[in-house]
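> Okay, here's what each chain looks like letter by letter:
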Amino acid sequence: MNIKDELSKISTNLVIDEKRANYKIIIDEPSKLIDVANSIKNLGFDHVVSVTGVDYPDKIEVIWHVSSYSSEELKGIDLAISMTVKKPEPLKQTDAQGNINVNRPPVTVPSLVSVWPSGIFSEREAFEMFGIIFDGHPDLRYLMLPEDFYGTWPLRKDFTYQKPKVFIE
Amino acid sequence: MSEKVYNIDDLQNINVEGEKYIILQIGPSHPGSGHMRLKVWLDGDIIVKVDPDIGFVHRTSEWLSERREWIKAVPIVERIMLPDTVHANLAYVLTVEKLLGIEPPPRAQYLRSLVAEINRITSHLYGIGIFGIFLGSSTVYMWAFGDREPFIDLMEMLTGARITTSYIIPGGVRWDLPNGFKERAETVLQYMERRLKDYEDIWVKNPVVQARTINVGTLKKEDAIRLGVVGPNLRASGVYYDTRKHHPYAAYSNLDFEVPTMKNGDSYDRLLIRVEEIKQSIKLIRQILKDIPEGKIIADQIYNQLNPVMKKNYEEKKRVMFPAFMIHMRPPAGEASAKVEAGRGEIFFYIKSTGDKYPYRFRWVTPSFRNLPYFTHVTVGHRLADLPTIYGSIDYFPPEADR
Amino acid sequence: MSEVRKPRDPLTGHVKALAKGFKYLVEPNRMTLDYPAETMKLPPNYRGFFTVDDKKCIGCSMCEMVCPPEAITMVPRIIGEGGKTIPAPEGEKEVKGPKRTKRPVVNWGKCIFCYFCVDVCPVDAFIPTQVHDLAFEKDSEYRPSYEDYLKPPEEPYKNSKKVISKADLKRGVSYEPAP
Amino acid sequence: MGIIPLILWLIQDLLYIIIFPGLVTILVVVVIIIWLERKIAAKVQMRFGPLWVSKKIGGALQSLADLLRYSFQEVIIPEKTDKWAFILAPGLMFAFATIALIFIPVGPYYSVLFPSYYTILFSLALIIITPIFAITVGWASDNKFSFIGALREGFLLISYEIPFLLSVVSMVIIFHTYDYINAVQNQLSFLPGIILNPLAALTMLIVMIRTTGRFPFDITEADSELVMGLFTEYSALFFGVGMATPYVELYNFSLIFSLLFLGGWWPFTLNVMNPVYGLILPGIIVVVKAFIVMAVLVFLRAVYPRYRLDQAVRSGWSYVLLLSILSVILSVVEVMFLR
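Protein chains in written order, with this note's numbering: chain A, 1 to 169; chain B, 170 to 572; chain C, 573 to 751; chain D, 752 to 1090.
If you're looking for bench data, these hints aren't it; they were derived computationally from the structure.
Yeah, the Cβ is synthetic: ideal placement off N, Cα and C, and Gly gets one too.
Check the hints yourself; a few may be wrong.
Listing some non-contacts, in silico: residues in chain B with all C-beta distances to chain C over 12 Å [to be verified]: (1) D212; (2) G213; (3) V243; (4) P275; (5) P462; (6) Y529.
Chain D regions said to be covered by chain C (calculated; three or more residues, Cβ under 8 Å) [as the list claims (entries may be wrong)]: (7) 809-819; (8) 844-858.
Here are the simulated lysine to aspartate or glutamate pairs, DMTMM-like style, with alpha carbons at most 25 Å apart [unchecked claim]: (9) A:K75 - B:D425; (10) C:K734 - B:D322; (11) B:K189 - D:D833.
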């Protein structure tokens, strides 16, 4: 099985890094994501290593790193599925004290938990860190952060850490 | 024992409301939980559902690393995986080296493998010890932690620190083998081989341990693959996968070793596989110390940047000092990922560089995080007393999962 | 490689486990150090507290830049109550300007002993010691002044028996009186 | 009765309560056995054990120091507990375990407050009451972990009580008496009980391990799942008393074991009614035997992890019960053929 050919059959947007055996499939249309994922799974990529986002000024790239345990040929191959979504404009609101609150709305992408159940915790983590709502995730709750972090999305680049105002030494 | 629930959808649909179930909050301040909370729904003595609530020791390592110079992430990733520091260090440095395009010299590769294998033994002993205390055997806990000591002494002799070694840097390693290391290592390895027999009598083949672990927490091969668990736990379920074999790094492509696998995938197999891996690591350390080539321990690109004082130090003390490059490192734009087989499983790094002095995106996944499905899937249907057994057998380390 | 699992029959198992326990009861294999009555003499490359050689340091701030926990701060080279800049080392000309007036001071509350600063120093000006078990009474002692920082750290438990660890075939680690 | 004999009689009784079988002895025994347990475990586990309190005698006073610490700790009674039960239950547990000691003689001329030919029955009755208060403790605490601990205690109590009683009954059949002193004299004239009926001895040992919560039956206090089991909500002296009770029970059981199976004050057979020959010398022998039994039992901590509840209950209803029934049959057979 030539993995390169098989992958190019699935998607034309294939970035190959031969030296490190890294492949990256870029998905431009959100509706195609689950179909592509299913055909990748049928190739033998059977688990998700990591689900993460990369924050850019105007967009968010969501990356699923998948790999294989069951297929002997695919064990040494890393495959990334990348999908980029545009970020909505942040809304600025001024409250009664005159503080400006920036409301940064989350983005929505389809969830791949139905394809790869192993991504369930990783998708929860990407949700709380980047504000990526995985549509179709069965249990999309906060994993590590407390609930009152909602809306801050700590790993986005415009997140600013505010020190607690009262500091007792 | 009632039927085990393996389907995630079924699991989410269990109605756990109502007075029929006892809800136990195991943790975060509980002797058997570590720094995490397990919310357990009990039907009598049978576990119906477990919801792991992690994040009590979330240390924002990704956030911190994205706001620091590249070299400063080395101590950060080490402190997340305290029993496994070398592997975290190694995985990060491998990723940075891929971005930089530096290849370390062979001696450095062998030294990396050497420290990694010593660290693997300490990590497995740590796991066996914690498993011991979870089942109530304080002897195995003390023994395992005591037997880490000779290996930690070896690490101290080589790197100058016991746990947080910061030994591996982009381009090579920081210290060469000291005098007398090989003899000492051989003594320690022989000691450990003898001790493994003692462990067998008092722990591995103890009838009480066998009664507690055999057929408890079974994860079948297909489920292990589906849930994406890693490391010794995966191999205990019968999947032949080891990052050292399938994504060779350091000196592993030149070394001859076996990857033990088990068949049943229960807690007892997960215990046995750690013992087997300690044996393999002992074999590997012997091999490395025999085969280790002479030569530089740092890549030429780094060596050429050393100033005369540093070069003198390198020749006399076999110690690599940092050129200014280490502070002002700016890997070219691009992305790289690397995988390393740590003691508990596979560490995955994904780093995106924009050619800046900080990493643009620093993503890493630790083995314990990927072993989380054990709590939600494998515990269901077992008794409450089996929860510590499963917890201990998967060698879960909460700070590592939280990152 | 796969091992077929053979549960040991209970009787042999119990007898062997009890026998092994009894063996260690009558023939103890003690590995612990009676700290602080005995303390370790650590190998020369052990990463303990460190101080700086005032004569060698050129005030280049590389250590401050590389410090991962940001524990090192560069301070003016001032010693004494009056706040005077101390004179140049013997045999050297006093040089005015930033080059020789900045010195590193380590905040021990933050230091993680990674020794990046020691290794990055272009003139190898740091003096490492093997002292690692210091306790500070006051919060301010974590952040020494430059004058205090120059004093080498005092080793605690001076009267204790110094031992070195040695690999031992029977006990794993054995402790011998230090030479 | 004149006033002076009455005072002497009262003093003698007070001595019984406070010193000899009483509280001082209990304290000494508990302190020694806890120290012994920790030292034995430390020896196997490659470390020193308690050391820094009284370094010259190997840290033997460590348990006393712990007791002092418990005495001065703040007593915390959680709001939702059943207060009277919460306060009384540990004390009663300890009291019944201690009172049982009164009926366990250590010498041929040991007289108790109530001289009786039914000491075996009395002591067994008192010993069996103790776990009921353990269950009360778990119920009164209003804590899920204590509650589960109490349930486990209940399960184990029921499954191991019958084997315990049967093993004693089989010895009663052999010795044909309900009195410890007669039982010992029987053994002195013939053979020790462990040879007469080894099955009963084995049953008794297993039940001792279970009832006193030694490993591998440390199920009610399994700290990796139940925090501190029954005593999760307790603090200060209440906790200390609760912790000491299993050791008092252990002492009781070991005394009974050495009286019924190890020949009591054998090899001392001089039968003189005298404080030294009738009480102190045999007493020392019995107590030394009891300490050896206790040392063996606490040594198990260094070897075993713990069983699961269902495994322990299952083995209680199958193997141990079977063993005890066999021991009764063995006794009956022996009595039929030997007498």
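> Decide, hint by hint, whether the structure agrees.
A quick look at each hint next to the structure:
No beta-carbon of chain C is positioned within 12 Å of the beta-carbon of B:D212; the least distance is around 30 Å. Remark: the non-interface label on B:G213 is consistent with the geometry, its nearest Cβ contact in chain C lying 28 Å away (cut-off 12 Å). For B:V243, the requirement that its beta carbon stay farther than 12 Å from each beta carbon of chain C is not met, with the minimum near 7 Å. At roughly 23 Å, the least C-beta separation between B:P275 and chain C is larger than 12 Å, which holds for a residue marked as non-interface.
Residue placement check: B:P462 keeps its beta carbon more than 12 Å from all beta carbons of chain C (closest about 22 Å). Even its closest Cβ contact with chain C, about 19 Å, leaves B:Y529 beyond 12 Å, as expected for a residue assigned away from the interface. Coverage of the segment 809-819 of chain D by chain C is violated [criterion: at least 3 residues with CB-CB distance below 8 Å; count 0]. With a cut-off of 8 Å between beta carbons, the segment 844-858 of chain D has 0 residues touching chain C; three or more are needed, and the interface restraint is violated.
For the suggested pair A:K75 and B:D425, the alpha carbons sit about 19 Å apart, so the restraint of at most 25 Å is met. Proximity of C:K734 to B:D322 is assessed by CA-CA distance (about 17 Å); at most 25 Å being required, the pair is judged to hold. About 24 Å separates the Cα atoms of B:K189 and D:D833, which keeps this hinted pair within 25 Å; it holds.
In this structure, the hints that do not hold are numbers 3, 7, 8, in rising order.
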